[in-house]
Amino acid sequence: MVMSAAIIGVGQSAYVRHPQRGQTTHTFIREAVLAALADAQVDARDIQGMAVTSFSLAPDTAVDLAWRLGLSLRWLLQDTNGGSSAMNMLGHALRGVESGAASPILVVAGDATGLGGYAKIAANYNIATRDHLAPLGHGGPNGVYALVTSRQMKAFGLEKSDYGQIAIAQRAWAAKNPFAVYRTPMTMEEYLAAPIVADPLSRYDCVPVVAGAQAIVVAEPDRAPRGRAPVRARAIRHSFNYDNQEGDGLVTGISTFAEDLWQAAEVAPDDVDIVSIYDDYPTMVLAQLNDLGLIPDNDLARYCRRYIGEERFPINTWGGMLSAGQPGGPAGGLNGITEAVLQLQHRAGERQVSDARLAVTTGYGMTMYRYGGTAAAAILERME
Amino acid sequence: MTPGVRIWQCKGCGAKVFPERLLCPRCHGGDFDQIRVLQGVVEEISVIRHMIGQANWKPRRIANVRTANGPMMTVGLQDESGPGTVIDLFEQDKAPVGRAKVKAKAKAKSK
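Protein chains in written order, with my numbering: chain E, 1 to 384; chain H, 1001 to 1111.
To be clear, the hints were calculated from the coordinates, so they are not data collected in a lab.
Warning: the hint list may mix true and false statements.
[Unchecked claim] SDA-like mimics (lysine to any residue), calculated; alpha carbons at most 25 Å apart, straight line:
1) H:K1094 <-> E:G137
2) H:K1058 <-> E:I196
3) H:K1011 <-> H:Q1034
4) H:K1094 <-> E:A123
5) H:K1058 <-> E:R130
6) H:K1058 <-> E:G117
7) E:K120 <-> E:D60
8) E:K120 <-> H:H1050
9) H:K1016 <-> E:V251
10) H:K1016 <-> E:D248
11) H:K1058 <-> E:P135
[Unchecked claim] Which chain E residues face chain H? A few, computed with CB under 7 Å, are given here:
12) A119
13) A128
14) P135
15) G137
16) A146
17) R151
18) I196
[Claimed, not checked] Label pairs and their computed distance ranges (CB to CB):
19) E:D131 <-> H:A1100: 23 to 33 Å
20) E:G247 <-> H:G1082: 16 to 26 Å
21) H:Q1034 <-> E:V16: 40 to 50 Å
22) H:D1033 <-> E:A155: 25 to 35 Å
23) E:D271 <-> H:E1020: 37 to 47 Å
24) E:R312 <-> H:D1079: 36 to 46 Å
25) E:P195 <-> H:C1013: 39 to 49 Å
26) H:K1101 <-> E:D131: 23 to 33 Å
Keep in mind that this is a model prediction, so the values were computed, not measured.
Beta carbons: idealized from backbone N, C-alpha and C, even for Gly.
With the hints as constraints, model all of the structure from the sequences given.
What follows is the structure, given as structure tokens:
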């Protein structure tokens, strides 16, 4: 069933590699909230609901954030699903508006952990990581996805340069995004010459940790600013702990609902104009694209070389987290949604994809032990 | 170091799991026996060359290991074992580590 609630505004803070004194998770979130409210032309006093996710909000929780933002609410959610939190919050917010629970609803994600803080989070991500991985010096998610990448290379006959096609294409998009932390175009030679972080992953395969925040406003479509097309979800689906960590991580939870997602949306993979895929590692971009049915014949190598390298199919047109940066993880997922909205509203500036009307966005995360255990996807559509 | 790595075997259906679960993912029984898995085969390896927040990091090797009749686990490699190597497994605190299986003859000779 196509959902009737819509995204009516988006905003983000600056993204920075190293937060300065006085810059905290809270201040980045404030910046993003103010931008989203201005974009949606909604007064803060009218906000009735808020959803938030962050790895670094503690000891504050969602209600503390509401207090600090001066928001008195009747709907409140704090999500803890990492890279799929943004999609999760979007689903809850859309249903919250549709059910009459609250409208407008502000959806917020942000982090300013700094590198040291991120390392602590990575080593204490859950009990399994703390007890069985961190003592090995496993390198956090870099080590985990290094092993997944090796498996994927073997299973699909991929070369290192195939992953380079993703990093290079996204860097080219990032060059047109003033918020991206890395905007200088990259060549294959530069990609291949980058220092190895965790074999076979090199620097440009590993998402750079940044500080920053994103926010969107969800409401009835008729609350969208005059003259601007609201964006609705034709369908949204989620998956949690899809295989008890008993597989190889080369498929994601998206594989459990992809068919249902497309059927519910009444569109096909070929119909989408732009794609926002949660890109903590190029490996997982390919896994999600394949699960969604976007890669013909499951030929991942050909897809990298032809569709991404040569034809530059519009994937992660803001540069993705690989070039724009990953604020903690949760806000990265919201960045993909934000970009899809801008593209569908034809407000993406230099990186605008001509006449974009339909997008698929994903979230992926929570590296529970050997790979991620949460995933989500939505089909977003420009409303006329 | 304790030889072998502790895993959990469901008393109801015999499924072996690692890390520990509250309920069996197959039959959802709640009773487990603790057993030890002694060996595994190295499938993929990574060398962790950089660690966020650590300036003087020394590279470490980790591996995805298929245990004998048991679950897959991520193991810290203590030698230069490559893919396909059968390794002996140990526990260092609660973390699985391993090194190439010492052949019986070589072991006897060394005594």
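Checked hints:
| no. | hint | verdict |
| --- | --- | --- |
| 1 | H:K1094 <-> E:G137 | holds, 13 Å |
| 2 | H:K1058 <-> E:I196 | holds, 14 Å |
| 3 | H:K1011 <-> H:Q1034 | holds, 10 Å |
| 4 | H:K1094 <-> E:A123 | holds, 14 Å |
| 5 | H:K1058 <-> E:R130 | holds, 20 Å |
| 6 | H:K1058 <-> E:G117 | holds, 20 Å |
| 7 | E:K120 <-> E:D60 | holds, 18 Å |
| 8 | E:K120 <-> H:H1050 | holds, 15 Å |
| 9 | H:K1016 <-> E:V251 | holds, 22 Å |
| 10 | H:K1016 <-> E:D248 | holds, 17 Å |
| 11 | H:K1058 <-> E:P135 | holds, 14 Å |
| 12 | A119 | holds, 4 Å |
| 13 | A128 | holds, 5 Å |
| 14 | P135 | holds, 4 Å |
| 15 | G137 | holds, 4 Å |
| 16 | A146 | holds, 4 Å |
| 17 | R151 | holds, 6 Å |
| 18 | I196 | holds, 5 Å |
| 19 | E:D131 <-> H:A1100: 23 to 33 Å | holds, 25 Å |
| 20 | E:G247 <-> H:G1082: 16 to 26 Å | holds, 24 Å |
| 21 | H:Q1034 <-> E:V16: 40 to 50 Å | holds, 48 Å |
| 22 | H:D1033 <-> E:A155: 25 to 35 Å | holds, 34 Å |
| 23 | E:D271 <-> H:E1020: 37 to 47 Å | holds, 45 Å |
| 24 | E:R312 <-> H:D1079: 36 to 46 Å | holds, 45 Å |
| 25 | E:P195 <-> H:C1013: 39 to 49 Å | holds, 47 Å |
| 26 | H:K1101 <-> E:D131: 23 to 33 Å | holds, 25 Å |
In the structure shown, no violation is registered for any of the earlier numbered hints.
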